[in-house]
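Peer 1: Model the placement of chain R on the given structure of chain F, informed by the hints.
Protein chains in written order, with the UniProt record's numbering: chain F, 1 to 225; chain R, 1 to 225.
Among the hints, a few may not be true.
No copy is singled out in the list; a pair is fine if it fits within one copy or between any two copies.
[Claimed, not checked] Derived DSSO-like pairs: lysine-lysine, alpha-carbon spacing no greater than 30 Å straight-line:
1) Lys-145 with Lys-12
2) Lys-91 with Lys-171
3) Lys-145 with Lys-75
4) Lys-12 with Lys-91
5) Lys-54 with Lys-91
Worth flagging that the hints you see were computed from the coordinates, not collected in a lab.
Number of protein chains: 2
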Amino acid sequence: MGASQSHGLSEKVSQDILEYIARNGLQPGDRLPNEYELAGMLQVGRSSVREAVKLLVSRNVLVVRQGAGTFVSQKRGITEDPLGLSLIPDKHRLARDLMEVRILLEPQIAAAAAQNAAAGEVEQLEQLCAQTEQTIRAGEPHLQKDIEFHTCIARSSKNLVVPQLLPILQKAIEVFIDVTNSSLLEETIATHREITEAIRRRDAAAAHDAMYLHLIYNRRQILTR
Amino acid sequence: MGASQSHGLSEKVSQDILEYIARNGLQPGDRLPNEYELAGMLQVGRSSVREAVKLLVSRNVLVVRQGAGTFVSQKRGITEDPLGLSLIPDKHRLARDLMEVRILLEPQIAAAAAQNAAAGEVEQLEQLCAQTEQTIRAGEPHLQKDIEFHTCIARSSKNLVVPQLLPILQKAIEVFIDVTNSSLLEETIATHREITEAIRRRDAAAAHDAMYLHLIYNRRQILTR
Numbered sequence: 001m002g003a004s005q006s007h008g009l010s011e012k013v014s015q016d017i018l019e020y021i022a023r024n025g026l027q028p029g030d031r032l033p034n035e036y037e038l039a040g041m042l043q044v045g046r047s048s049v050r051e052a053v054k055l056l057v058s059r060n061v062l063v064v065r066q067g068a069g070t071f072v073s074q075k076r077g078i079t080e081d082p083l084g085l086s087l088i089p090d091k092h093r094l095a096r097d098l099m100e101v102r103i104l105l106e107p108q109i110a111a112a113a114a115q116n117a118a119a120g121e122v123e124q125l126e127q128l129c130a131q132t133e134q135t136i137r138a139g140e141p142h143l144q145k146d147i148e149f150h151t152c153i154a155r156s157s158k159n160l161v162v163p164q165l166l167p168i169l170q171k172a173i174e175v176f177i178d179v180t181n182s183s184l185l186e187e188t189i190a191t192h193r194e195i196t197e198a199i200r201r202r203d204a205a206a207a208h209d210a211m212y213l214h215l216i217y218n219r220r221q222i223l224t225r
Numbered sequence: 001m002g003a004s005q006s007h008g009l010s011e012k013v014s015q016d017i018l019e020y021i022a023r024n025g026l027q028p029g030d031r032l033p034n035e036y037e038l039a040g041m042l043q044v045g046r047s048s049v050r051e052a053v054k055l056l057v058s059r060n061v062l063v064v065r066q067g068a069g070t071f072v073s074q075k076r077g078i079t080e081d082p083l084g085l086s087l088i089p090d091k092h093r094l095a096r097d098l099m100e101v102r103i104l105l106e107p108q109i110a111a112a113a114a115q116n117a118a119a120g121e122v123e124q125l126e127q128l129c130a131q132t133e134q135t136i137r138a139g140e141p142h143l144q145k146d147i148e149f150h151t152c153i154a155r156s157s158k159n160l161v162v163p164q165l166l167p168i169l170q171k172a173i174e175v176f177i178d179v180t181n182s183s184l185l186e187e188t189i190a191t192h193r194e195i196t197e198a199i200r201r202r203d204a205a206a207a208h209d210a211m212y213l214h215l216i217y218n219r220r221q222i223l224t225r
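Just chain F, with the same shape it has in the complex (with noise of 0.2 Å):
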């Protein structure tokens, strides 16, 4: 079999893994059938089992550990720097389009927030922001914290594209957000629990507005330095 007719097989063969966990609803950290059981159900030989889950460890859809098995990755299959935004060499254009991109999706997600948040959900951002501040009056890098308030407002939202959109947006404009500027991270406490409260009283309106100010804030960051 030539190269490109086994890539091609492996290419299929990953194709009928994913279908497999959709199907049967596997989540991060849940185990895989192994090799064995694997070639028999796609009917296929081990070597293409082997090789399509080589390919989707590669996608970060699975992850291999020695000795226990084939498990559904932590990280969604959502790969490095998936956008390619690594090869842009103006970084300074490229904060101002991510930032772009945010504004565009952000205020109408938390919008929706406000209509579609579960109450563990409004829970959990409330924890956020609590988490934020005090990892902001610790003085340590808050961006971690940060990406998690706006991917949960995201799940909240019920959208199924954004918050696996999200993250690779904000890990990648973060680099030109002058952190140590204090009145950016006042705005930043103060706005995330404005947001929070709109979408814990289920206020669209005011939940868009919040986060659309946010943003632009952060956008005038970004634009004067």
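Peer 2: Below, chain R alone, put in the same frame as chain F:
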């Protein structure tokens, strides 16, 4: 050296190679210096360069042609299913939510294209309109031309992020558009022309509205299936 240390080093070297590509403005199809030269420039061993190149090949940044060398990939670092959408089991909800993201982004992007498109880009849009119509009249699948049309508008907007993102959203949505529906096909031909015409006239509001109508017409097709 342990496996994780070695992984860390090839990750670091791959970052250096990315910086080299960005700094020198290498474009898809351009050749990289050979392994020996890269090792010298980056002051690491050739085996580290080899590992880093492998990593960047798996991320669709580079492509190795046996005997010819290592080149910047035409795929521009965009990996297969980079948002992990194939892991989402409810494909109907997924298609709806992808359309929602497109509706939030693309009308504004079409307005920006009306302001920023170069003359050559307007010409390219006109060609893509003609090619899409030919493809449809020939009864052939026009998804590829459709993606090229929307991506060309995104490029014309001069936003750096949206052209990387749109093909991913469009490919994932495609399976839900009933391509045999003739009213949808006629709508595509007419509205693509209308959007192009508005961009040619530099009429941002008309480009915005035509794109908006195009996308909500498409969304209705998905929702009623």
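Peer 1: Tell me, in ascending order, the numbers of any earlier hints that this structure violates.
Peer 2: Hint check: nothing fails, all pass.
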